[in-house]
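*Asks:* Dock the two chains into a complex; use the hints.
In case you want the letters, here they are:
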Amino acid sequence: MTDKLITANHLGDGLVVFLTAEGGWSYQLADARVIPDAELEDALRHAKAQHEAQIVVDPYEIEATVEAGVPVPVRLREKIRAAGGPTVTYGVAEIAERAALRSMQVE
Amino acid sequence: MYRYDEFDHEFVTARVAQFRDQVGRRVSGELTEDQFKPLRLMNGVYLQLHAYMLRVAVPYGTLNSAQMRMLAHVARKYDRGYGHFTTRQNIQFNWPKLSEIPDALAELASVEMHAIQTSGNCIRNVTADHFAGAAEDEVADPRPYAEILRQWSSLHPEFVFLPRKFKVAVTGAERDRAAIQVHDIGLHLKKDAAGRLGFAVYIGGGQGRTPMIAKKIRDFLPEEDLLSYSEAILRVYNLNGRRDNKYKARIKILVHETGADEISRQVEEEWERIRHGALKLPQGEVERIREYFAAPDTLQPLPPSPALAVERAKDPEFDAWVQRNTHPHRVPGHVSVTISLKPIGGTPGDATAEQMDLVADLAERLAFDEIRVSHEQNLILPHVAKSDLRAIYDELLVSGLATANAGLVTDIIACPGLDYCALANARSIPVAQRISQRFGDIARQRDIGDLKIKISGCINACGHHHVGHIGILGVEKKGEEFYQISLGGSGDENSSIGEIIGRGFSTDEIVDAVETLVDTYISRRETPDETFLAAYRRLGQAPFKEALYGTA
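If you read the sequences in order, they're chains A and B.
Once you know that position 57 of the first sequence is 57 in the numbering used here, the rest is easy, because the numbers rise by one and skip nothing.
Just add 107 to the spot in the second sequence (first one is 1) and you have the numbering used here.
No lab work stands behind these hints, which were simulated from the structure alone.
In this text the structure is predicted, and so the values were computed from the model without any measurement.
Among these hints, one or two may not hold up.
[As the list claims (entries may be wrong)] The calculated lysine-lysine pairs, modelled on PhoX-like cross-linking and capped at a C-alpha distance of 25 Å, are:
hint	chain 1	residue 1	chain 2	residue 2
1	B	Lys323	B	Lys355
2	B	Lys323	B	Lys387
3	A	Lys48	B	Lys204
4	A	Lys4	B	Lys585
5	B	Lys144	B	Lys355
6	A	Lys4	A	Lys48
7	B	Lys323	A	Lys79
8	B	Lys652	B	Lys584
9	B	Lys272	B	Lys323
10	A	Lys48	B	Lys387
11	B	Lys298	B	Lys355
12	B	Lys353	B	Lys322
13	B	Lys353	A	Lys79
14	B	Lys144	B	Lys204
15	B	Lys322	B	Lys298
16	B	Lys298	B	Lys323
17	B	Lys355	A	Lys4
18	B	Lys298	A	Lys79
19	B	Lys144	B	Lys272
20	B	Lys272	B	Lys184
21	B	Lys355	B	Lys272
[Stated by the list, open to error] Facing chain B, a subset of chain A residues (Cβ under 8 Å, in silico):
hint	residue
22	Val16
23	Leu40
24	Ala43
25	Leu44
26	Val57
27	Ile95
C-beta: ideal position from N, C-alpha, C; glycine also.
For reference, chain B alone in the conformation it holds in the complex (with noise of 0.2 Å):
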């Protein structure tokens, strides 16, 4: 994985000694909330509804050992002893103090972490596929164009005060993972006919109050023009972006209201005009950030491992956690684990400090020291040799988090919300942990099948309810919690935002009515491979509203 350089480390050393001063500065009360806001905004810390809250950034979701045990480190001494990951791919605490901030950030520089950019109207931590340079329907690993962006975009002096916060993702496959089309720039990377490295670029997808589907406007960039287009892409938001109402201020408005034509062609003349200046990138540079990412020498092919077809006859939990949460791998013999903060009942997404440390003890002493953040919530071991699979199912069945239900009804995505949350209308923690219990029998959630259900506590959709293929939206409604439902939103490469299917359900009411969609499902599919998004685009809406309201 990429190492920081020594610009890197000083430029990340001074930014910590310049918040600490600011805080010092805060607190001595020679600063004002006013004054301060921006500034601890720059550097990832929030104050919400019960404390502030550090988003600490994970670059394209990536870790190393030491990395995760410095997590929980943060976890332990400045923190209540856990830690929240997103849907961006990073962390956050929960409950530090705003006098310890600037010394967690130390620790966390020590080893090549920081929180700058997870905040503000700037560009963002970029994402990538959870599974990017082990995936074995990848053309080829993502993240070291997430780095070289990363590197553009951190501290652009054009591009820091934007009109609104700027997200990008990058995934390698055709099998979008990283969610590309509800992003303001989505990177698909491929190869064109002569076999050279480019991208199909979209821009001006995203969720919040106005959900939009990305419009592609290129086909093939190539991969030395990565930076000067999306600088281009940049210019045209930062000139033309609203900055006159913070509700349309982001891309996804230019871009609906100018039209994806008009603001192509935009993108395209300034294109032409810097294309071929100081960020045109040269070869040897990405060869040389690529190399940073590359497999480890020992990561070579195996044969089949005999034992584990043995261990998968004789423990059927265990072959059911192989089967949900594996994923193929490119190198033979090897796959990618997925590591469900899921457990039944539990709230998505969040791990102890001992659950990051163990984590952080299996990468290093089984998966070549690599660890992933997924945007669905969940940890990843990028390269795990089959032969290796039992090892450490047995170790994270001890810690709770062997949960066989990746990808199934209960691995369900859901924001803070109103636990934690300055700016939510209805609690989300708790309607998940309701649906993940009355789905918690294994054997129901397997005949299910594929299935995700994502709940976001307000408007701004941190849930990514609009891509749930049952998403689920609070809102208060004279002063209680409110929950609608919309169907058939995807966060692929075939991305949908869903349709509300009709007027909202009581805290009562949600489990039950995630129950009747679910049964009508399993009563009207066409065989049980027919999955939940696919049975709903075969149906429509009719069915499902019928066994709700009865409204037929």
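Chain A extracted, bound-state conformation (with noise of 0.2 Å):
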């Protein structure tokens, strides 16, 4: 049995939100309310709401477990999301691990 989040991207920056206890939007995946499917159709109205109060960008459900008291998606597309970025390190950071691996060749 998963139990569910809903998510969304914050409209002014795109970010990954997920909706909170309090009604509100967290970039966090912690903070994430854990929605029991009896309140799931309250909780993607509000969300609704919210997507047409421009505050969010499309909110949708999707499934998640409760490890360790943190929830986690099931689908890798959620987890990724919910990890803020790619699974890859970019740019300078990108860079620096090539060069940080190589240096380990060589010794």
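*Replies:* In structure tokens form, the structure reads like this:
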């Protein structure tokens, strides 16, 4: 049995957000409200209203399990979204990572 | 290169102001997402997996140093210090804030850049051979025609709401480096027996979920008829292309369902009606545009460089780079240089702001101020004196841009995949990185020779997997990433769509599978000169299938 979370993108910066217990939105997965099936409909209605109020873009429900008190999305796509960025390093960090790898190989 | 005239400047500036107003109304809540989405798409703004994404047009892949520096500046100021060069010769920024995008566009406009028609159901950025205007084997520079097409297609009122997006590519050489046969319109610039310039015209090619090789509908279209003929093609498509099903809306489906002969007849009929009208290109106008693309006067023949020969003999790594990453130039003593954006284990097509600045500096100081983006997600310095190669190499080396792998197994095309893209089903970048690491040894890469691996994270095929010698398509199967392999694809003058070899491979298996294919090729090739593609075409699927699945 899985639980549900509601996620969307923030209108202003486009970043991934989760519906919180207070009815607001957080960039942190840990703040996400874990929604029992019976309450999902109401929560989605609230999220839709937030979309219409131009706060977030296109909210939708995702499946999650709760592990050690923290919700974890089931699908890989949602895991990647929840992590707030790609599964690979990028930009300057990527170059630094490759340089570190090379120096390890040399040693 | 092309310089904006007064009209261009006014048009782009007005567009930024218009979009600024639209963004303002969206952020203030006046516009809904449904109202705003088509407006943002017309300005290259997507909402991706993690954030908004801004796609900036690089017309026919040509940039000068000021423009490259501006891209670096945008990466720093509005993004996270990097950008991703795409298979359509554009650049994408992955993290801009919506409210700041109009400022970024205003800054881009100051160096004659924009994001218009990089998205939506319109005629997209026209692409061209990345060695255009430089290649030894070229009949003529295709970019003046790409520019003429750009001017004609920019906000063309009749073609702003096509059934689906529309992509045009132009090449000026027999050797097709622009993949024209997998475009909606592919133009091959050539000369007829009398020495006149014109085009072989291909239509209805494309990748995506229904890959098709284009059909040639005209062997020679005189230069002056370029726009009237293009307009006739677009009219036939706009009128008859399907609007009931997004997946059947591209011109390739129309050509396939109607038949190339019938489409050709309809195009010719429409063309006959309009060919003597306003769209006939005056020779003076072609010449005027061509002048913008004329090589600099200082690009003059040079004698062979004895210093280069000495350096190559002294430094095998430099020698390997010269051998792989330079291309013959029409002016003696010069070459075109490929700056690989495929470091071993890196993200294909990504460049940091610092790297962009370095390329801009090199272009300005040593390469006649010209840079290209290739559809293979590398950067090109089209005009380089051979005597400057060592200096350029040394600076590239320091910045991690001197990987000597152009056209080799680690020169992989990959779409952003599930790491960034809202449409993707599987990741592409980590697979590319692991394949790159597996084959990282340069001696082994050189032994394998020319081999194009192309990876897409979904059926939309932005990673061109259909035309990869080895194509890899990521799919989702029971919640897991799976990778389907196709072999024998090619996007050159002998284009072909790759054939699926068999069941897919898990994330853990895919790199081994690619290595098995490569080892099979090595053991079965007739000579070291027989490329992977040639060997596959000779041998067929059987030995590769057997090596992968043991189904003898």
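*Asks:* Taking the hints in turn, state whether each one holds.
*Replies:* Now for the hints, and whether the structure bears them out:
1. Only pairs whose Cα atoms come within 25 Å are accepted, and B:Lys323 paired with B:Lys355 is accepted, the gap being roughly 21 Å.
2. A hinted pair counts as satisfied when its Cα atoms are at most 25 Å apart, and B:Lys323 with B:Lys387 qualifies at roughly 22 Å.
3. Straight-line distance between C-alpha atoms of A:Lys48 and B:Lys204 comes to about 22 Å, which keeps the hinted pair within the 25 Å bound.
4. Proposed proximity of A:Lys4 and B:Lys585 is supported: the alpha carbons are some 19 Å apart, at most 25 Å.
5. Pair hint B:Lys144 plus B:Lys355 holds up; C-alpha atoms about 22 Å apart against a cutoff of 25 Å.
6. With a C-alpha separation of about 16 Å, the suggested pair A:Lys4 and A:Lys48 falls inside the 25 Å cut-off, and the hint holds.
7. Between the alpha carbons of B:Lys323 and A:Lys79 the distance comes to roughly 46 Å, so the proposed pair goes past 25 Å and is violated.
8. Taking the CA atoms of B:Lys652 and B:Lys584, the gap is about 22 Å. The hint holds against a cut of 25 Å.
9. Restraint check: the Cα-Cα separation between B:Lys272 and B:Lys323 comes to about 20 Å, which is no more than 25 Å; the hinted pair holds.
10. Taking the CA atoms of A:Lys48 and B:Lys387, the gap is about 53 Å. The hint is violated against a cut of 25 Å.
11. As the CA atoms of B:Lys298 and B:Lys355 are separated by approximately 35 Å, the hinted pair breaks the 25 Å bound.
12. Distance check on the hinted pair: B:Lys353 and B:Lys322 sit about 22 Å apart at the alpha-carbon level, within 25 Å; holds.
13. Under the criterion of a C-alpha separation no larger than 25 Å, the hint pairing B:Lys353 with A:Lys79 is inconsistent with the structure, at around 29 Å.
14. Proximity of B:Lys144 to B:Lys204 is assessed by CA-CA distance (about 15 Å); at most 25 Å being required, the pair is judged to hold.
15. Only pairs whose Cα atoms come within 25 Å are accepted, and B:Lys322 paired with B:Lys298 is accepted, the gap being roughly 20 Å.
16. At roughly 16 Å between alpha-carbon atoms, B:Lys298 and B:Lys323 fall within 25 Å of each other, so this suggested pair holds.
17. Restraint check: the Cα-Cα separation between B:Lys355 and A:Lys4 comes to about 35 Å, which exceeds 25 Å; the hinted pair is violated.
18. For a cut-off of 25 Å, the pair hint linking B:Lys298 to A:Lys79 is broken: about 55 Å separates their Cα positions.
19. With a CA separation close to 16 Å, the supplied pair B:Lys144 and B:Lys272 stays within the 25 Å bound.
20. Our distance criterion of 25 Å between C-alpha atoms is broken by B:Lys272 and B:Lys184, whose separation comes to about 31 Å.
21. As the CA atoms of B:Lys355 and B:Lys272 are separated by approximately 12 Å, the hinted pair is consistent with the 25 Å bound.
22. Interface hint status for A:Val16: upheld, as the beta-carbon distance to the closest one in chain B is roughly 6 Å, under 8 Å.
23. Proximity of A:Leu40 to chain B is violated relative to the hint, the smallest CB-CB distance being about 21 Å (cut-off 8 Å).
24. The criterion of a C-beta within 8 Å of any C-beta in chain B is not met by A:Ala43, whose closest approach is roughly 20 Å, and the hint is violated.
25. At about 16 Å, the closest approach between the beta carbon of A:Leu44 and any beta carbon in chain B exceeds 8 Å, and the interface hint on this residue is violated.
26. A least Cβ separation of about 5 Å between A:Val57 and chain B falls short of the 8 Å threshold, and the interface hint therefore holds.
27. For A:Ile95, the interface hint holds, the least distance from its beta-carbon to any beta-carbon of chain B being 6 Å, beneath 8 Å.
Going down the numbered hints, you'll see the structure goes against 7, 10, 11, 13, 17, 18, 20, 23, 24, 25, while the others check out.
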